[in-house]
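Protein chains: 4
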Amino acid sequence: MKLLLLAASLRKDSVNKKLLVLAAQLLKAQGIAIDMADFAEFDVPLYHGDLNAELGLPHGAKQFIARMHAADGLIIASPEYNFSIPGTLKNLIDWVSREQPMPWLKQRVLLMSASPSLVGGNRGLWHTRVPLEACGAIVYSDMFSLASAYTAFAADGQFTDVSLQQRLKDNLTGFIHFVKALKAAGY
Amino acid sequence: MKLLLLAASLRKDSVNKKLLVLAAQLLKAQGIAIDMADFAEFDVPLYHGDLNAELGLPHGAKQFIARMHAADGLIIASPEYNFSIPGTLKNLIDWVSREQPMPWLKQRVLLMSASPSLVGGNRGLWHTRVPLEACGAIVYSDMFSLASAYTAFAADGQFTDVSLQQRLKDNLTGFIHFVKALKAAGY
Amino acid sequence: MKLLLLAASLRKDSVNKKLLVLAAQLLKAQGIAIDMADFAEFDVPLYHGDLNAELGLPHGAKQFIARMHAADGLIIASPEYNFSIPGTLKNLIDWVSREQPMPWLKQRVLLMSASPSLVGGNRGLWHTRVPLEACGAIVYSDMFSLASAYTAFAADGQFTDVSLQQRLKDNLTGFIHFVKALKAAGY
Amino acid sequence: MKLLLLAASLRKDSVNKKLLVLAAQLLKAQGIAIDMADFAEFDVPLYHGDLNAELGLPHGAKQFIARMHAADGLIIASPEYNFSIPGTLKNLIDWVSREQPMPWLKQRVLLMSASPSLVGGNRGLWHTRVPLEACGAIVYSDMFSLASAYTAFAADGQFTDVSLQQRLKDNLTGFIHFVKALKAAGY
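Protein chains in written order, with the numbering used here: chain A, 1 to 187; chain B, 1 to 187; chain C, 1 to 187; chain D, 1 to 187.
If you're looking for bench data, these hints aren't it; they were derived computationally from the structure.
One thing to keep in mind: the hints can contain errors.
Unchecked claim - BS3-like cross-link-like pairs, simulated, lysine-lysine; straight-line CA separation at most 30 Å:
hint: 1; chain 1: C; residue 1: Lys12; chain 2: B; residue 2: Lys62
hint: 2; chain 1: D; residue 1: Lys180; chain 2: C; residue 2: Lys183
hint: 3; chain 1: B; residue 1: Lys169; chain 2: A; residue 2: Lys2
hint: 4; chain 1: C; residue 1: Lys106; chain 2: D; residue 2: Lys28
hint: 5; chain 1: C; residue 1: Lys12; chain 2: C; residue 2: Lys169
hint: 6; chain 1: B; residue 1: Lys169; chain 2: A; residue 2: Lys180
hint: 7; chain 1: B; residue 1: Lys12; chain 2: C; residue 2: Lys62
hint: 8; chain 1: A; residue 1: Lys106; chain 2: B; residue 2: Lys183
hint: 9; chain 1: A; residue 1: Lys12; chain 2: A; residue 2: Lys28
hint: 10; chain 1: C; residue 1: Lys106; chain 2: D; residue 2: Lys180
hint: 11; chain 1: D; residue 1: Lys28; chain 2: C; residue 2: Lys169
hint: 12; chain 1: A; residue 1: Lys106; chain 2: B; residue 2: Lys106
hint: 13; chain 1: B; residue 1: Lys183; chain 2: A; residue 2: Lys169
hint: 14; chain 1: A; residue 1: Lys180; chain 2: B; residue 2: Lys106
hint: 15; chain 1: C; residue 1: Lys183; chain 2: D; residue 2: Lys183
hint: 16; chain 1: C; residue 1: Lys28; chain 2: C; residue 2: Lys2
Please take these sequences and the hints and turn them into a complete structure.
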């Protein structure tokens with residue numbers, strides 16, 4: 001089983017990237033193959049309907065679709081901008097949604113967030129569910145939000161809070177179980 | 001396979017009830033057993049934390065849990081009140097969420113709405129997803145919203161619009177397929 | 001200037017009530033008259049369309065409208081249930097919205113929340129804005145969410161955290177200023 | 001009194017632009033000065049935290065702030081992408097929100113949408129309110145959503161449906177009244 005991991009941030013020292021590095025480590029320990037993507041790999045222009053009609057999807061959006069479809073599931077870790085989804089991530093979702101047949105249909109998605117605030121970016125994730133579910137993706141109910149993200153990681157990249165690390169493990173295990181069940185049933 | 005069907009309306013001539021009667025007919029034709037519930041059967045008081053702490057769940061909430069857990073999935077058809085979830089439905093969700101272990105966890109839910117308006121109650125459904133998913137329910141991505149509900153039904157309870165009836169069939173078939181896949185995989 | 005204050009909780013030891021008691025004290029110090037309401041005063045049945053058509057609004061809903069219209073603005077402090085608006089509060093909003101002309105139109109509303117969690121109930125407030133704004137209320141942009149509410153209050157009812165108390169004062173002052181501006185302009 | 005009008009679409013034949021052209025005409029008839037902006041004028045890259053930290057705001061975001069602050073209010077007409085806010089518009093909101101002091105604070109905003117669908121893009125507007133209100137903007141409660149937008153306009157740019165045109169006029173008049181009230185009170 002393979003998962004595509006994507007942090008929806010272009011920032012070099014993104015805490016969402018750090019969260020996914022830890023998640024990747026925990027997933028590999030469970031025998032999951034990881035495709036760790038960089039948001040910059042899926043560089044796309046701001047959505048433009050006329051451009052879309054004339055030229056179809058930009059290279060970055062096609063690349064994202066290919067990588068997503070080569071995996072059994074997708075994990076997005078995203079910052080929260082103004083209590084909502086980053087425009088950058090929404091822009092990628094919008095471009096991808098313009099392909100036929102709908103690339104998001106039946107894709108299994110786990111959402112995570114990391115933020116220096118006490119809320120941990122959770123409000124943004126609820127706004128991220130909507131376009132994904134509107135496009136037919138299956139977004140896992142349980143989501144992981146990391147609060148106080150600047151002080152959460154030890155030098156070795158693990159959480160200093162042991163119970164939090166267990167919560168992350170449980171979230172990932174739950175998602176793997178969900179994806180495996182759907183896959184086993186040929187869904 | 002058995003599904004619990006619930007129209008979140010106390011109104012005698014509810015268009016959401018009519019929608020579920022049609023859905024039940026289409027489901028039975030596919031060999032699905034139907035438990036058609038009436039919202040009044042799950043009568044509960046307005047949520048009161050002290051009452052809850054002292055007396056636990058009211059009878060109506062316990063009944064709902066029992067009926068939901070006796071089925072393989074749940075279909076809720078709900079009106080939209082003020083662009084959002086009816087307080088009545090939210091109140092039932094709130095009561096049910098106070099039981100341990102969480103009764104909503106892993107429950108498979110399909111949401112529908114019927115409304116005389118042109119929007120068909122769809123905005124309300126997006127607000128209905130949130131508490132259900134927050135409680136761990138698996139809410140099917142595709143939702144069915146019936147617009148212009150006062151003129152949509154023929155005398156025999158079918159939709160006058162053939163393509164709309166096909167859309168309803170497809171939605172139900174998709175949900176059945178999803179529930180069966182999760183069930184087959186022991187999820 | 002007079003404000004109606006309502007904690008959307010029936011619980012005797014509600015932290016939302018404690019929050020409003022402190023808010024009332026700070027408002028009185030600024031010369032604002034306070035009408036402190038108890039949620040139980042606006043007791044209404046679960047919304048029922050047929051009942052509404054036959055009998056109009058229940059006594060509790062009419063009482064709420066009268067109290068709201070006798071004030072220059074409304075402050076609601078509400079718990080968050082399952083990341084969303086309590087069904088109880090939504091049920092009152094729904095009943096009130098059935099009067100003609102729409103009682104919520106142009107009402108100035110400040111939303112607050114208190115919760116033992118680290119998120120402070122803020123997600124629920126965003127779901128509370130929607131039906132109010134859909135009904136034409138003017139909901140103040142800035143909202144106050146009290147996290148860790150079980151440990152936030154000193155014995156005298158003030159916040160132990162001085163900067164948090166200042167933030168509450170600023171929020172209230174901002175709202176008063178907003179209401180006064182609209183009132184002065186005859187809006 | 002002057003209003004900035006912005007259609008959040010890069011499409012040449014955007015129905016949102018057509019809607020704003022009609023709105024501008026109705027506003028001018030009421031003596032309002034119009035600054036009609038083109039979304040391409042506020043061209044900004046995808047948000048990048050490191051770029052922001054190093055270089056501040058891009059030219060397009062600064063231009064938008066200057067134009068918004070030179071007006072008494074802002075009208076945004078926006079398409080709905082996947083039941084939510086366009087990534088492009090959210091990206092501009094995100095960039096603008098990174099300036100100090102917060103440029104959105106107390107800005108008066110009216111939201112509109114136009115869409116070929118029967119829902120008229122209204123779901124997207126509710127997701128557009130959130131970041132704006134989170135940033136302190138005052139978003140007018142009443143919003144205008146134009147359904148069936150491809151067939152709504154006559155050759156002269158007016159709506160063929162007279163009552164719909166009246167509804168648009170009323171919405172604009174209501175917003176003007178609101179902005180004037182706040183302005184008169186020095187808010």
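Evaluated hints:
1. Distance check on the hinted pair: C/Lys12 and B/Lys62 sit about 24 Å apart at the alpha-carbon level, within 30 Å; holds.
2. The hinted pair formed by D/Lys180 and C/Lys183 meets the criterion: a straight-line CA distance of about 13 Å does not exceed 30 Å.
3. Restraint check for B/Lys169 and A/Lys2: not satisfied, since their Cα atoms lie roughly 34 Å apart, outside the 30 Å limit.
4. As the CA atoms of C/Lys106 and D/Lys28 are separated by approximately 26 Å, the hinted pair is consistent with the 30 Å bound.
5. With a C-alpha separation of about 25 Å, the suggested pair C/Lys12 and C/Lys169 falls inside the 30 Å cut-off, and the hint holds.
6. Between the alpha carbons of B/Lys169 and A/Lys180 the distance comes to roughly 28 Å, so the proposed pair stays at or under 30 Å and holds.
7. For the hint pairing B/Lys12 with C/Lys62, the CA-to-CA distance comes to about 24 Å; that is within 30 Å, so the pair holds.
8. This hinted pair checks out: A/Lys106 and B/Lys183 have alpha carbons roughly 17 Å apart, not beyond 30 Å.
9. For the suggested pair A/Lys12 and A/Lys28, the alpha carbons sit about 23 Å apart, so the restraint of at most 30 Å is met.
10. Restraint check: the Cα-Cα separation between C/Lys106 and D/Lys180 comes to about 15 Å, which is no more than 30 Å; the hinted pair holds.
11. The hinted pair formed by D/Lys28 and C/Lys169 fails the criterion: a straight-line CA distance of about 41 Å is larger than 30 Å.
12. Straight-line distance between C-alpha atoms of A/Lys106 and B/Lys106 comes to about 17 Å, which keeps the hinted pair within the 30 Å bound.
13. For the proposed pair B/Lys183 and A/Lys169, the alpha carbon gap of about 24 Å is at most 30 Å, so the pair holds.
14. For the suggested pair A/Lys180 and B/Lys106, the alpha carbons sit about 15 Å apart, so the restraint of at most 30 Å is met.
15. For the hint linking C/Lys183 to D/Lys183, the alpha-carbon distance of about 12 Å falls within 30 Å, and the restraint holds.
16. Simply put, C/Lys28 and C/Lys2 have alpha-carbon atoms about 10 Å apart, close enough for the 30 Å limit, and the pair holds.
Violated hints, in rising order: 3, 11; the structure is consistent with all others.
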